[in-house]
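Asks: Residue numbers (the numbering used here), protein chains in the order written: chain A, 1 to 227; chain B, 1 to 404.
Think of the hints as simulated: they come from the structure by calculation, not from any bench.
Hints may contain errors.
[Claimed, not checked] Each computed BS3-like pair below joins lysine-lysine, with the alpha-carbon atoms no more than 27 angstroms apart:
| id | chain 1 | residue 1 | chain 2 | residue 2 |
| --- | --- | --- | --- | --- |
| 1 | A | 220 | B | 400 |
| 2 | B | 304 | A | 85 |
| 3 | A | 7 | B | 397 |
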Amino acid sequence: MIVINAKNISKTYNPDKVPVHALNHVNLEIKKGEFTAIVGPSGSGKSTLLNIIGGLDVPTEGTIELGGEDISKFSDNELIDFRLKHIGFVFQAYNLIPVLTAEENVEFIMLLQKQSEKDRKARTVELLTKVGLKDQMNRRPSELSGGQQQRVAVARALASKPEFILADEPTANLDSHSTATLLDMMANMNEKEGATFVFSTHDQRVIDKARRVITLEDGKIVSDEVR
Amino acid sequence: MLLLIAWRNIWRNKRRTLITLASIGFAVFFACIMQSMQLGSYERMIENAVRFYTGHIQVHEKGYWDDKTLDNSLEVTESLQTKLSGEADLSAYVPRIESFALASHGTLTKGVLVNGIDPIKETGLTDLQGKIVEGQYLSTPGDIMIGEGLSTYLKAAPGDTLVLISQGYHGANAAGKYRIVGTLKFPTQEMSAQAAYIMLSDAQYFFNMPNRATSLALLLDNSEAVPGVKADLTSKLDTAVYEVMDWKELMPELVQSIEIDYASGRIMLYVLYAIIAFGIFGTFLMMTNERQYEFGVMLSIGMKRRLMQGMLLLEIIMLAVLGVVMGIIAASPILAYFYLNPIHVGGEMAQAYEKMGMEPILPFSLAPEVFVNQAQVVLVMTILMAIYPLWIVGKLKVIKALRS
Ligand SMILES: Nc1ncnc2c1ncn2[C@@H]1O[C@H](COP(=O)(O)OP(=O)(O)OP(=O)(O)O)[C@@H](O)[C@H]1O
Ligand SMILES: [Mg+2]
Numbered sequence: 001m002i003v004i005n006a007k008n009i010s011k012t013y014n015p016d017k018v019p020v021h022a023l024n025h026v027n028l029e030i031k032k033g034e035f036t037a038i039v040g041p042s043g044s045g046k047s048t049l050l051n052i053i054g055g056l057d058v059p060t061e062g063t064i065e066l067g068g069e070d071i072s073k074f075s076d077n078e079l080i081d082f083r084l085k086h087i088g089f090v091f092q093a094y095n096l097i098p099v100l101t102a103e104e105n106v107e108f109i110m111l112l113q114k115q116s117e118k119d120r121k122a123r124t125v126e127l128l129t130k131v132g133l134k135d136q137m138n139r140r141p142s143e144l145s146g147g148q149q150q151r152v153a154v155a156r157a158l159a160s161k162p163e164f165i166l167a168d169e170p171t172a173n174l175d176s177h178s179t180a181t182l183l184d185m186m187a188n189m190n191e192k193e194g195a196t197f198v199f200s201t202h203d204q205r206v207i208d209k210a211r212r213v214i215t216l217e218d219g220k221i222v223s224d225e226v227r
Numbered sequence: 001m002l003l004l005i006a007w008r009n010i011w012r013n014k015r016r017t018l019i020t021l022a023s024i025g026f027a028v029f030f031a032c033i034m035q036s037m038q039l040g041s042y043e044r045m046i047e048n049a050v051r052f053y054t055g056h057i058q059v060h061e062k063g064y065w066d067d068k069t070l071d072n073s074l075e076v077t078e079s080l081q082t083k084l085s086g087e088a089d090l091s092a093y094v095p096r097i098e099s100f101a102l103a104s105h106g107t108l109t110k111g112v113l114v115n116g117i118d119p120i121k122e123t124g125l126t127d128l129q130g131k132i133v134e135g136q137y138l139s140t141p142g143d144i145m146i147g148e149g150l151s152t153y154l155k156a157a158p159g160d161t162l163v164l165i166s167q168g169y170h171g172a173n174a175a176g177k178y179r180i181v182g183t184l185k186f187p188t189q190e191m192s193a194q195a196a197y198i199m200l201s202d203a204q205y206f207f208n209m210p211n212r213a214t215s216l217a218l219l220l221d222n223s224e225a226v227p228g229v230k231a232d233l234t235s236k237l238d239t240a241v242y243e244v245m246d247w248k249e250l251m252p253e254l255v256q257s258i259e260i261d262y263a264s265g266r267i268m269l270y271v272l273y274a275i276i277a278f279g280i281f282g283t284f285l286m287m288t289n290e291r292q293y294e295f296g297v298m299l300s301i302g303m304k305r306r307l308m309q310g311m312l313l314l315e316i317i318m319l320a321v322l323g324v325v326m327g328i329i330a331a332s333p334i335l336a337y338f339y340l341n342p343i344h345v346g347g348e349m350a351q352a353y354e355k356m357g358m359e360p361i362l363p364f365s366l367a368p369e370v371f372v373n374q375a376q377v378v379l380v381m382t383i384l385m386a387i388y389p390l391w392i393v394g395k396l397k398v399i400k401a402l403r404s
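So that you can see chain B by itself, here it is in the shape it has in the complex (with noise of 0.2 angstroms):
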């Protein structure tokens, strides 16, 4: 019968109750729809991100992270890849090794981050065939591909000789001649200016580390599959020997950024449901005033305050949820349509988009964080709203209300 009373109760005024539901339901739409693109743009930077180099999950020699030496490299042994393939949700691993050289072509030398890569899985997590400006793709031992930066700053260009040295594993002394076969574009200058790559079987070779990598990056269906991987494998592995480092632990930066930005983006989400807040806080009053005296007859036949008090919080739980769910069915299929049909951007933004390796594309996202969090706000604050109604109700004199 409470729930019946305050459902008809919050109909007596119906063009009221339609602008506060209108208002809460504007509200939850937009922060949806701001919500949507922000979470989009993070989940599409942390993939961009991921895809580009550090894939969801590494694996490395214990203390490689801290201290990135070749004496800090693993052994790929087969149990160690026995146990990666046996995850459900890996699509694919990729070894890698990673140190620095002298690169030299005629009289000009320059540092490089030297990368051995497996060329068919590297191009599976990456795409780094894609990122081929000039020449070809690394196929046979021998070959070298350099960044774009790299090969102005050396005159080298497909088809010349560099020559490399440096220290391996345990100090070694590594030298070796490689013939450039590609040249590569990359985001920022800093890479294009000291990326190579040659096969990793050069690498070991080179670097006097058979058998060896620096790391293995670990490609996994989707991202939601991290924190399970990451637990297993680091129940699977032996703690002493291996680091198993997810996303997070390898870029903290990125993650610090999209904090800020969403705190950002959540702050002015705030401003917005605060000016709506008022609105919704009138119509509270307005319910509990314009009803005093209804009050008064049902405290004096009987009817407890906190009954009273229960019916209100009823009423207007029923608003906020009314509101939020109008909110979120007039967002979802614009967003459902955005998630499936990306906004393209154009222009200068296009470039600079396409110059950090990305799709210039608005991505949208359907992640439930979408709506729980439009839904979670409306309420906590439709609740607080309610104390001042329901300390009015807690308070009321029955002859004053009768008198009114």
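One chain only, chain A, in its complex shape (with noise of 0.2 angstroms):
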């Protein structure tokens, strides 16, 4: 099943003064379950497709269809809920709500999507063991390390129950050895949870884990290989 089409996007950043091309037509089809890493020098645009994917930027042209859904005719609300709905996020660093305990965090994105009490607690608890934070629950995100505040954020990420899952560079603020239990991680819920992750990233390590790998350069994609 193709959860992501993207047909022919492009992207233009300043189209009036000094246009940068940030992607050139590309075309991407993401299916259900898969773990895709998009690679590619700094610039290549990779933040950009991924920002265009999650319904956070508009392309400039092509068309988005995600879950069979076009949303490049959504409404800044509508993108607002389809994204609670339909896309687990997780940044490069800061991702959670600095007033929040980890369990509030996961909890958060659940209570917004108006599920009852009950379910909201158990799925918190058992994301939470599931990414081995379950004795850190009640600690605010100042109170952990930023390896276990990215596992905070894909824990909450899962919580929302999404399609997909987009991570932009989720190891570029951690040492090799956060990086290595993250990424065990996150492929761990892609096997148990069947959850579909395509993140962005410059480590090879990461690159290595990944079961597809897109390369772009210069706003193209230049290979996509399947391992």
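Grab the two chains, each in its own frame, and use the hints to assemble them into the complex.
Replies: Below, the structure is given as structure tokens:
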């Protein structure tokens, strides 16, 4: 099943002044259950692509179908709602609401989804246990290491049971040990929960774990290999 | 959860929050004290004026207030008296006759304002007895008390006899001889130079109007009861025959001067609040700007703008309410203390007060208005200032926010 279908996507920043062609006619299909890395040099358009796929930004040209729906026609409010229901996000850092504990951060997204308290509590504990942070549940982000924060962010992204999770350089701020832990955990979630991951990275060790690697250069896909 | 987030958010920067709270609190504190003094002095002025002469409410024959002649006097009937005494909040009612007469002593003559009063009831209302400077209070028919100024003008002292001439009810001739028993001091020169008091029964006889009075002044237990009693009397009495007026209608100049003074006080307060508003606005701006990235994340994961605005508004309202509560808590013991132990003024101020027949004190008020006003102003002000941060959230671009 195709969850992401990007057709002929182009993105030009500053079209009036000094145009920057961040993406050039990109076509991309992502199927359910994939574990895909988007790689490429700095400035090649990785973040731009992920933002457009996630409905955070709009392409200058082309269409995005997510789960069969064309999101380019959505209003701002509909997009927010769509993201809440169908997409999980993990950013490079500072993903969490600083005044909430790990537990509350994970629960918050389900609260936005209006899930029942019982379901929320159960799933929060389940997810935090899976990411190995059951004992740190009541800590605030500032009391967690960068790696732990990223794991909470993954738990939160999964909590809403999204169709896919987008992670823009989730390991960029982590040391090699935390990177390995986070990657193992993501791979684990991919296998056990069947969660679809699309993440961007520079890190060779992260690339090695991916099962599909898409390489971008100057806003174009130059290779797409499935391992 | 939103409430929890908002609450924790305001304590993220403790120092800034405390400074903001302190500035709101200070403004509220200062404003409470100022308004308490203002309202306290108005209450005192009204109380004085009411006590000094008018009473809280007056009942007249219909048309008397516009045309104060004896022909517009009312008959003090049994049924009228029963209706008045039936009022729960009434503490006393005082019948009076007021009219003009010529007073002469020897070769000197002067127009005087003759007041026919019930000596005991009158002093209960206006403490007339306390205004005696020489001689004694009215006690037997044939007595008259006059203002100091009048006494000087007529060269008449207690023990002397005054002759009064006037026109009575329905044009009857009026003439009588009265023995001066006392002289009185008054706050104004004008009153001192023309006031004369005789017994009500003497006045009724003199003006040839038995059992009649020009006005009935009602003193109530407290001024809050005025609207109720007025409404009740208006419905009980035949309004084709009687007019019922409260002190506001009886003393429109006083009401107006209080309003002007109050308005100028408010302008001062608004200036104070405006100054403080800048500080608060700065806090709101910082609260919003330094959290752009966080807002970006919230929008990304699916938090609606409305909800984020709700959260910010909660934070802002919590700050405002906390500040107001702090200010009120700080001000109330002080106000309560000065309410119970008013500040005594000294020196020239005291003399000026006494001249006006007022106690030389600075009274404070504990009226709920004092506090409610501040809460209202601060809330309205903060909500107005909240518009900008809310607008920022409303048009925030996710991508831009995430790059900040
Ligand atoms: N808001 C923007 N305005 C103008 N140009 C932009 C903007 N965002 C990105 N760009 C440009 O678009 C191109 C692609 O940027 P993008 O952030 O997608 O690259 P990236 O592959 O994520 O790089 P990195 O690995 O450094 O994160 C770059 O040349 C960048 O300078
Ligand atoms: Mg990037």
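Asks: Tell me, which hint numbers fail for this structure?
Replies: none
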